[in-house]
Amino acid sequence: MPPARPPVVAIPVRNEAQRIGPCLRALAAQRGGGPGHVVLLLNNCTDDTRGAARALAASLPFGVIVAERIFAPPVAHAGTARRAAMQIAAALAEPDGIVLTTDADGRVAPDWLANTLAAFDAGADAVCGRALIDPADARIIPAHLHDDDRMETAYATMLDRIHDLSDPDPHDPWPRHTEHSGASIAVRVAAWRRAGGIPALPLGEDRGFIRALRQVDATIRHAPDVMVSVSGRIDGRARGGMADTMARRMVRQDDMLDDSLEPPRTCLRRARARAALRGLRGLPHGGNAWHDAADRLAALLRLPVATVAHMARGRFMGMAWDRLETLSPALRRVPVRRADLPMCMEEARRIVRGLLVTPHALPSYVGSATGGALSGPLTTSSR
Numbered sequence: 080m081p082p083a084r085p086p087v088v089a090i091p092v093r094n095e096a097q098r099i100g101p102c103l104r105a106l107a108a109q110r111g112g113g114p115g116h117v118v119l120l121l122n123n124c125t126d127d128t129r130g131a132a133r134a135l136a137a138s139l140p141f142g143v144i145v146a147e148r149i150f151a152p153p154v155a156h157a158g159t160a161r162r163a164a165m166q167i168a169a170a171l172a173e174p175d176g177i178v179l180t181t182d183a184d185g186r187v188a189p190d191w192l193a194n195t196l197a198a199f200d201a202g203a204d205a206v207c208g209r210a211l212i213d214p215a216d217a218r219i220i221p222a223h224l225h226d227d228d229r230m231e232t233a234y235a236t237m238l239d240r241i242h243d244l245s246d247p248d249p250h251d252p253w254p255r256h257t258e259h260s261g262a263s264i265a266v267r268v269a270a271w272r273r274a275g276g277i278p279a280l281p282l283g284e285d286r287g288f289i290r291a292l293r294q295v296d297a298t299i300r301h302a303p304d305v306m307v308s309v310s311g312r313i314d315g316r317a318r319g320g321m322a323d324t325m326a327r328r329m330v331r332q333d334d335m336l337d338d339s340l341e342p343p344r345t346c347l348r349r350a351r352a353r354a355a356l357r358g359l360r361g362l363p364h365g366g367n368a369w370h371d372a373a374d375r376l377a378a379l380l381r382l383p384v385a386t387v388a389h390m391a392r393g394r395f396m397g398m399a400w401d402r403l404e405t406l407s408p409a410l411r412r413v414p415v416r417r418a419d420l421p422m423c424m425e426e427a428r429r430i431v432r433g434l435l436v437t438p439h440a441l442p443s444y445v446g447s448a449t450g451g452a453l454s455g456p457l458t459t460s461s462r
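Take any residue in the sequence shown, count from 1 to its spot, add 79: that is its number in the numbering used here.
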């Protein structure tokens, strides 16, 4: 259902006097109507970002709220700033409204808002868009880093396809993407409140927020048609963020892939176990079918049946899954070496081909539910 009031966009900003103009003008150029307000949370700025934003505000088709904060050094990071920006935006949007967040160095696509709202109309509680590096900035990044990123993204997509085939999500159908970037996240205010808001983390506040939404069973759409262009600079505002990562990789590529990735066979076990938990929660508690399903899930997770039976009855499926996943020795995260990526990719392709033929049959080479470690030198999306 459409929001009662126009959506509100929340943007954390630090020293973006040169980029805040293009960011706001892109929001003003939305097809089919723009946001009602844009909240700029200026945190610890030492340049004239405030003046640049105020000079442009009168010419924009939406209200601009400029809030200034000076955070103490230990908490002066994107997580704190984005959390504060979204708190202001949520108050403006009201309980049945929608809040979006992006970055001050980004430029959303002209259909960014329209495509996001279409995903909400289809039943989503939250919508994740894609962040693409600005083409001009991309040209200064070495070709080998682009190649590595394409290979890593392709692998993440293949692992996500394993999840899609093993544990389909009607609210996030294929095709979809695997990104959880603060450059493009939208959420219903009710779901935002239920999840506790954006966590004030120094790094990864966007991933942390998606995890919190999943824990309270919010429906999340990874919409491939929702896009924002972000800078590819290597002098970023967040220590340890994307800019620092690119700068480090220009000197020496990381030996390991992103820590959300894992061996394909572990990915398959993870997806099958989550599907099994979903099935268990759909059965009447205490019957023979319920006990049989609990036994099968316990075997997959290599956990005591009593532990599985207790945790499976939690209020939220997502919270139950998060706890079981954390406890399970069979689902312990195994890092993937970049050198092993070609071998992992081929293994993932074999699993996907098998699932496309027989989606609910466990391939023989994966190992039994009760034995054979599903490990190897192999990486899942952080689903």
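Among the hints, a few may not be true.
Unchecked claim - Okay, the calculated beta carbon distance ranges per label pair:
| no. | residue 1 | residue 2 | range |
| --- | --- | --- | --- |
| 1 | A385 | D213 | 36 to 46 Å |
| 2 | D228 | W253 | 13 to 23 Å |
| 3 | H250 | M230 | 37 to 47 Å |
| 4 | A108 | A385 | 51 to 61 Å |
| 5 | T405 | P281 | 14 to 24 Å |
| 6 | G111 | D216 | 23 to 33 Å |
Keep in mind that the hints were calculated from the coordinates and are not lab data. For every residue, glycine included, the Cβ atom is placed at its ideal position computed from N, Cα and C.
Problem - T405 versus P281 beta-carbon gap, inside 14 to 24 Å or not - result: 22 Å, holds
Exercise for the section: Hint says 13 to 23 Å; check whether the CB-CB distance for D228 and W253 agrees. Expected result: With Cβ atoms ~22 Å apart, the hint holds.
Problem - Supplied distance hint 37 to 47 Å, evaluated on CB atoms of H250 and M230 - result: Since the Cβ atoms of H250 and M230 sit about 29 Å apart, the hinted range of 37 to 47 Å is violated.
Practice task
Kindly confirm whether 23 to 33 Å is satisfied by the beta carbon distance between G111 and D216.
Solution key: 28 Å, holds
Exercise for the section: Take a look at whether the Cβ-Cβ distance between A385 and D213 falls inside 36 to 46 Å. Expected result: 54 Å, violated
Problem - Outcome for the supplied range 51 to 61 Å, where the beta carbon pair is A108 and A385 - result: 58 Å, holds
In this structure, the hints that do not hold are numbers 1 and 3, in rising order.
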